[in-house]
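Visitor: Line by line, the protein sequences give chains A, B and C.
The numbering of the first sequence is this note's numbering, which starts it at 1 and goes up by one.
The numbering of the second sequence is this note's numbering, which starts it at 1 and goes up by one.
The numbering of the third sequence is this note's numbering, which starts it at 1 and goes up by one.
By construction, these hints were calculated from the structure, which means they are not laboratory data.
Hints are not guaranteed to be accurate.
[Said to hold, decoys possible] Rough simulated footprint, nothing fancy, chain A against chain B, three-plus residues with beta-carbon under 8 Å:
{"hint": "1", "stretch": "19-26"}
{"hint": "2", "stretch": "37-44"}
{"hint": "3", "stretch": "50-57"}
{"hint": "4", "stretch": "60-66"}
{"hint": "5", "stretch": "69-78"}
C-beta: ideal position from N, C-alpha, C; glycine also.
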Amino acid sequence: MEIFVDVVLLSMLVATAVALILVRGLMASIMLTSIYGLLSASFFVTMDAVDVAFTEAAVGAGVAPLLLLMTVALVGRREERTVSRHALVPLLLVTMTGALLIVGTLDMPPFGSADAPANQHVSPRYLQHTEAEIGIPNVVTAVLASYRAYDTLGEALVIFTAGVAVILILVPGDGRGTAQATLPDPISGDRQGIVHVVSKILIPFVLLFALYVQFHGDYGPGGGFQAGVIFASAFILYGLLCGLPAVVRVIPPTVVEVLAALGVLLYAVTGVLSLLGGKNFLDYSVLASDPVTGQHIGIIVIELGVGICVASVIIRIYYAFAAHLDRQRV
Amino acid sequence: MLTVTVVTILVVMVAGLGRAFSAHNVFDRVLAANLFGTKTVLLIAAISYLFGSADFLDIALVYALINYISVIGVLRVTEWQLAGRREGRQ
Amino acid sequence: MSTALHLISDAFLLAGSFLLLTGALGFLRFPDVFSRIHACGVTETLATSLILLALIMKSESAMPQVKLLMILLFLMFSSPTAGHALAKAAWNAGVRPRDNRNERGIPVPPDNL
Numbered sequence: 001m002e003i004f005v006d007v008v009l010l011s012m013l014v015a016t017a018v019a020l021i022l023v024r025g026l027m028a029s030i031m032l033t034s035i036y037g038l039l040s041a042s043f044f045v046t047m048d049a050v051d052v053a054f055t056e057a058a059v060g061a062g063v064a065p066l067l068l069l070m071t072v073a074l075v076g077r078r079e080e081r082t083v084s085r086h087a088l089v090p091l092l093l094v095t096m097t098g099a100l101l102i103v104g105t106l107d108m109p110p111f112g113s114a115d116a117p118a119n120q121h122v123s124p125r126y127l128q129h130t131e132a133e134i135g136i137p138n139v140v141t142a143v144l145a146s147y148r149a150y151d152t153l154g155e156a157l158v159i160f161t162a163g164v165a166v167i168l169i170l171v172p173g174d175g176r177g178t179a180q181a182t183l184p185d186p187i188s189g190d191r192q193g194i195v196h197v198v199s200k201i202l203i204p205f206v207l208l209f210a211l212y213v214q215f216h217g218d219y220g221p222g223g224g225f226q227a228g229v230i231f232a233s234a235f236i237l238y239g240l241l242c243g244l245p246a247v248v249r250v251i252p253p254t255v256v257e258v259l260a261a262l263g264v265l266l267y268a269v270t271g272v273l274s275l276l277g278g279k280n281f282l283d284y285s286v287l288a289s290d291p292v293t294g295q296h297i298g299i300i301v302i303e304l305g306v307g308i309c310v311a312s313v314i315i316r317i318y319y320a321f322a323a324h325l326d327r328q329r330v
Numbered sequence: 001m002l003t004v005t006v007v008t009i010l011v012v013m014v015a016g017l018g019r020a021f022s023a024h025n026v027f028d029r030v031l032a033a034n035l036f037g038t039k040t041v042l043l044i045a046a047i048s049y050l051f052g053s054a055d056f057l058d059i060a061l062v063y064a065l066i067n068y069i070s071v072i073g074v075l076r077v078t079e080w081q082l083a084g085r086r087e088g089r090q
Numbered sequence: 001m002s003t004a005l006h007l008i009s010d011a012f013l014l015a016g017s018f019l020l021l022t023g024a025l026g027f028l029r030f031p032d033v034f035s036r037i038h039a040c041g042v043t044e045t046l047a048t049s050l051i052l053l054a055l056i057m058k059s060e061s062a063m064p065q066v067k068l069l070m071i072l073l074f075l076m077f078s079s080p081t082a083g084h085a086l087a088k089a090a091w092n093a094g095v096r097p098r099d100n101r102n103e104r105g106i107p108v109p110p111d112n113l
């Protein structure tokens, strides 16, 4: 049964990839990208990698295609049909590289075998000692937030840098995302319509679900990254329906930028507190009298920092794109 | 009986995928993507029962949410483009 | 008690699968967008409810049941709304239903937007 589901999902993945290459319209390509992300996430679920599936669904199938769609709405052109003349040399190069890669995989250990090098060095140690040292059931969160917290700090910084880069490129020096009122549109213009009313009912529950995912990351799939994306998508939904001025009234762009920086700061300050307590950077055992409680506190605080940073960056990127779209139309 | 359901869900997903590839129309494609998303939610719920882990249901909820937001987003962007085109013509 | 529950859940699964297949058949064969939206709506609401209720009946502990119930509630709110939004957007873009003389309505916007 599992193998059957895996085979069908993988074949659909290959078919979607081929269709992505062959389809010419940009909007169609983006919707196929969203379907591809959803299929990848389903495949991760069948492989029992739930945290990765979570993030892939939220980002690869949700936020990223949405931002790509807004880009296409700004650029709005069909992909130019390129006249391919010298297609033989690239084809040969790609085939040779692909063949070399496949030959390289023949040397790899069998899939999931116990004596593969990836399962030998630190993985058994993490799996055996998480219960005693950190005391939370979700080993992925334990590795991400405690054993490898330094790498996760780097990831949070990468997301923050991406937000800064988008602000530098897209936001002009004058007026900060203050778009005028746009023309009323059929879906979004009717404030009493079904879509508006139902979405306004659903948005508080989405925010609550984001908080659940944030703080439940110790015990189930979840954590800061996934929660931040879900939190931001609630705001994006509100912005899509009620327009940019409405959502800017809820959280102004300046506050969002400050929050993004605060998230990373929260993470780094926790590390510095550990230094001040006499231990290594980001060693949470000094944060409380009992090392395990200290680990719990540390994990909750840094996941909060990551969640705040990710949510703020995605909201700010949406503001930048939507301001461009409104400015283009008005 | 659950295997029958899982096979049916996969068949419907393949049908939706086929229509997503060969749609002539943006609304057909959005409809196919929406169908695909909701069937994926069902698939994950059924798989979660088959594998015995209740953690997957959080993921199913996220999929349902993302599917809804994507549909609203695509329709909004289509509105923007059509309105821009109408203004350009006038 | 549990055998009756299993029988009922199997019946629900069978009914849900049948509705899924007929909805997919309608989705593939109906002539225009609005009837296709209706066919998909059947699969998204009734078939989904039946299958999720069957899974609720089959689950052992309370946690999966509560989560499945929440998924069901969310889908009950969002699937009909998504279908309505699609139909409204298609209508306002100028798509019209086919009449029984098998003529197309106003040409629909292609997706090279």
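Visitor: Any of the earlier hints contradicted here, and which numbers?
Guide: Nothing - there is no hint that the structure violates, so all of them hold.
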